[in-house]
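Novice: Letter by letter, the chains look like this.
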Amino acid sequence: MNDTTAGGDVRLVGISKTYGDSFTAVHPLDLTVPQGAFFALLGASGCGKTTTLRLIAGLEDPTTGSVFLGDRDVTGLPPYKRPVNTVFQSYALFPHLSIYENVAFGLRRRGIRSVKKQVGEMLDLVQLGDFASRRPHQLSGGQQQRVAVARALINHPRVLLLDEPLGALDLKLRRQMQLELQRIQTEVGITFVHVTHDQEEAMTMADTVAVMNGGRVEQLGAPAELYENPATTFVANFLGTSNLIAAEVTSVSGGEIAVTAANTRLRLPAARCATVPTAGGKLLVGIRPEKISLSYAGDTDDTDTDTDATATVSDGRNRITGTIAASSFLGVSTQYLIDTPVGPALEVYVQNIERDPRLTPGAPVTVHWSPDHTFGLDAAQDIGAGVATAAGSAGAAS
Amino acid sequence: MTPKAAPKAALKAAPKSLTGWFRRHIVAIAGLLTLAYLILPNIVVMVFSFNKPAGKFNYSWREFSTHAWEDPCGVADMCGSLALSLQIALWSTIGATVLGSMIAFALVRYRFRARGAINSLIFLPMAMPEVVMAASLLTLFLNLGAELGFWTVLIAHTMFCLSFVVVAVKARVLSMDPRLEEAARDLYAGPVQTFLRVTLPIAAPGIAAGALLAFALSFDDFIITNFNSGSTVTFPMFVWGSAQRGTPVQINVIGTAMFALAVLIVVAGQLISGRRKKSAPTG
Amino acid sequence: MTAPAEAPPAPVPPSEPAPMAVRRPPLRRALIPYWLLLPGVLLLLVFFALPLVYQASTSVQTGSLEEGFTVTWHFRTYADALGEYGPQFLRSVLYAGTATALCLLLGYPLAYLIAFKAGRWRHLLLVLVIAPFFTSFLIRTLAWKTILADSGPVVETLGAIGFLDVTGWLGMTDGNRVLATPLAVVTGLTYNFLPFMILPLYTSLERIDPRLHEAAGDLYARPAVVFRRVTFPLSMPGVVSGTLLTFIPASGDYVNAELLGSTDTKMVGNVIQSQFLRVLDYPTAAALSFLLMAIVLIIVTVYIRRAGTEDLV
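Protein chains in written order, with the working numbering: chain A, 564 to 961; chain B, 41 to 323; chain C, 425 to 737.
FYI, nobody ran anything at the bench for these hints, they're computed from the structure. Some clues are possibly wrong.
What the hints assert, rightly or not - Some, not all, of what chain B presents toward chain A, calculated at C-beta under 10 angstroms:
no. : residue
1   : Lys96
2   : Gly185
3   : Ala186
4   : Glu187
5   : Pro218
6   : Arg219
7   : Arg225
8   : Leu227
9   : Pro231
10  : Gln233
11  : Ile242
What the hints assert, rightly or not - Calculated cross-link-like contacts (lysine to any residue; reagent style SDA-like; alpha-carbon spacing at most 20 angstroms):
no. : chain 1 : residue 1 : chain 2 : residue 2
12  : A       : Lys845    : A       : Ala825
13  : A       : Lys679    : A       : Ala695
14  : A       : Lys644    : B       : Arg63
15  : C       : Lys541    : B       : Phe62
16  : A       : Lys854    : A       : Ala833
17  : C       : Lys541    : C       : Leu636
18  : B       : Lys92     : C       : Gly576
19  : A       : Lys679    : A       : Pro699
20  : A       : Lys644    : B       : Gly60
21  : A       : Lys644    : B       : Gly230
22  : C       : Lys541    : B       : Arg63
23  : A       : Lys644    : B       : Pro231
24  : A       : Lys644    : C       : Arg452
25  : B       : Lys92     : C       : Arg452
26  : C       : Lys541    : B       : Ile69
27  : A       : Lys644    : B       : Leu236
28  : B       : Lys96     : C       : Ala573
29  : C       : Lys541    : C       : Phe651
30  : A       : Lys644    : B       : Leu220
31  : C       : Lys541    : B       : Leu72
32  : C       : Lys541    : B       : Leu75
33  : A       : Lys644    : B       : Arg237
34  : B       : Lys96     : C       : Asp574
35  : C       : Lys541    : B       : Lys92
36  : C       : Lys541    : B       : Gly60
37  : A       : Lys644    : B       : Val232
38  : C       : Lys541    : B       : Ala76
39  : A       : Lys845    : A       : Ala943
Here a beta-carbon is modelled for each residue, glycine too, at the ideal position from N, C-alpha and C.
Throw the hints in and build the complete structure from the sequences for me.
Specialist: See the structure below:
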């Protein structure tokens, strides 16, 4: 079972899962996880990410499609015959067995007699060597989590599946375990497939993230790629925060698209547009809050006489005027909500380097940003997709 | 929470009057009185096992004697009926526990048709006065022309203990995380291995509780046995008969001995589990 | 994303179903629950459900032991039985109801004590509640004959404090006797089924978070109000299952009435027992048993509806 000579990648081919006659948890889906990758399935609860994981583990039978491990079709294999192991949500440690026996469980089931050395090494890897004789309930959450990882990894699976493994831990411990899991992954070089609803966790840990929504993969790519170039409004809103502005395309020329929204002219590069825009058509223009600069309105009106260089807005930038509706101080930055003609509550994050005391609620301001930082999305989507789910899951995670 | 809170509250209220003290402890007093009501008959049974009654009935005290303890089987047929009761209780416990656990697992772990009907079938024997079950079972046996005796009693006991086992085991299996079984399957344990290594050990306390209950119910059953035993005499039947003919002191000896034995087992179990908890390292 | 975007590099084995084929779990696995249920359910069907059918049929038969009984749809047996044994039915419901109320009244403080105030004595108290079970209930019921003996200390005390005057006025005792009166039967019933009340009460009380009491106190509720508004409503599941577990067996009991009562305290259980085992009038006995079942089921159903709890056990 440990023959890692063949490709260790996971391939899902046309796989789907329907419960009963009505509820489809996963729509037909093709997905390839390269060998050695740290792959994250990200989405709100009920999006089908856990079902996808369980299909790989063999804990669910797919309604259609196949699961390949390397070149081998494992679709019909029961979980106990698959070279795949899972770290379960809330760990599922056997309460009637000691930590040692929990970790040795998989080896013993495969008929391996002398497990002592391997178990010892594995417990050392997760730094729990002194806890071998304890029962799971005598361990803290973080320790239990590490036992669950050890219990799965000792079998040298082709793929390690992690089902919300950090969901039960507090924030600080979660950060610590994220680093720990990354360390272990680099050390053992096994493919990790990690299911999470925490976008930050997915982005910090994984090298590839698949964002799932409603049983479908919305977008797949490296974290930075997903963040900078979301393909759908759901990804734009679920992964971080986006300001989305509904606009009309006025011209497409060369590499640049010009749009207007509420009589404001905005520009963006055609390369960062997830759809093919045509003049006269609709487009959703997106900009991340941290990419926006904020100036007091009077400072930017007269560019000729103003000596303050930082307050000057160069001609090429997208600019919108508005008033501050609310501000909240977050330590490293301040978050502003700006009411503008193109839409209310435009979000802006400003680094707290030099704070302008005039930027208080009610103050007239100009927001401006580089066209290069702007992205475009198909206007035929729900502009608010992923907003509520992201907020909800963030609340649930804390 | 209260042992610490009580003295504080007492200080604040400055207990001077007896009525005040009484009012504060009324729940404890009422509870302990109830407990006395529950325990009193056991004490009487114990005391009267040392009696030397005047006539055939052991209802009023005459003088202290240990003759019944020296010869507990000195009454004709009593120890035989005791052995028979133990035998029936043992077999019906085994039967009810195996069949009941199977039903409980099926009810919790699988989806299937007729769930509601089966749940009702399990629930109804518990929602019915025993005498109704006993009488209807007797009509069945009479109609079938079955010979009343050991087998009819055994069948009857297994049948009415079954529901109680199902309830006890079901509660335990329900509280068990289904992920544990998935984890076992994930870790190369096949269906049989998963059941033997994970499901069964974790469900064991529920199964043990169900079995104990079944044993107690069967051993002490009178009404159903009364209807379906024919001329077979179990221990409760013997006691019932002796209530008409004369109660030997040995009945009290058996009652007291069983009581003492059971309390001893319970206390020993408590001590052992208490010590295990203390010696275990805490993290 | 509905179709494979690229051809899989490895050829799919021909035995495999096409990627879009719908898979069904194998039949053998789908049958597992039925195999698990089969023996137990069969036992209940043959020895619990079928007997009820036989009993129903017996209740409308006529005939005699010598000539045999035949089904003649003689429904008058029911009317006759109810007419003749009405008082016994009434007594069964009355005694069982009184015993249930007494069990609740006596059992609640003890369950409360164990759940909230016993501290390290909790386990000992629980053992003491269960302990009586370890002695045969017939032996323990006989012990009440000693305890309630005429001119014994218990009866003398009850007489001295005027308790017997009150129960005499209620028609539960007669003069200075307790044995062979309704009071003795109710005392025995209450005693016998008290643990069945205490244990479910304790279970549901024990689940209540003590912080709820503190929160109620924090929100200006006096102890009595805390009990009425918080503790008691939360213990309702225990109250419901406790009263059912007490009432149902008490209503069909004939042991207490036989051992502690007199001919004037016979309950319907006594009648069924003697009709079946001594008089051998099977149709009447079956009709009585069926009526008892119907009455209990109606009372239980109405009670559950009103209490609004479906999960009893």
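Novice: Are there hints from earlier that the structure breaks, and if so, what are their numbers?
Specialist: 1, 2, 3, 4, 14, 20, 25 and 35
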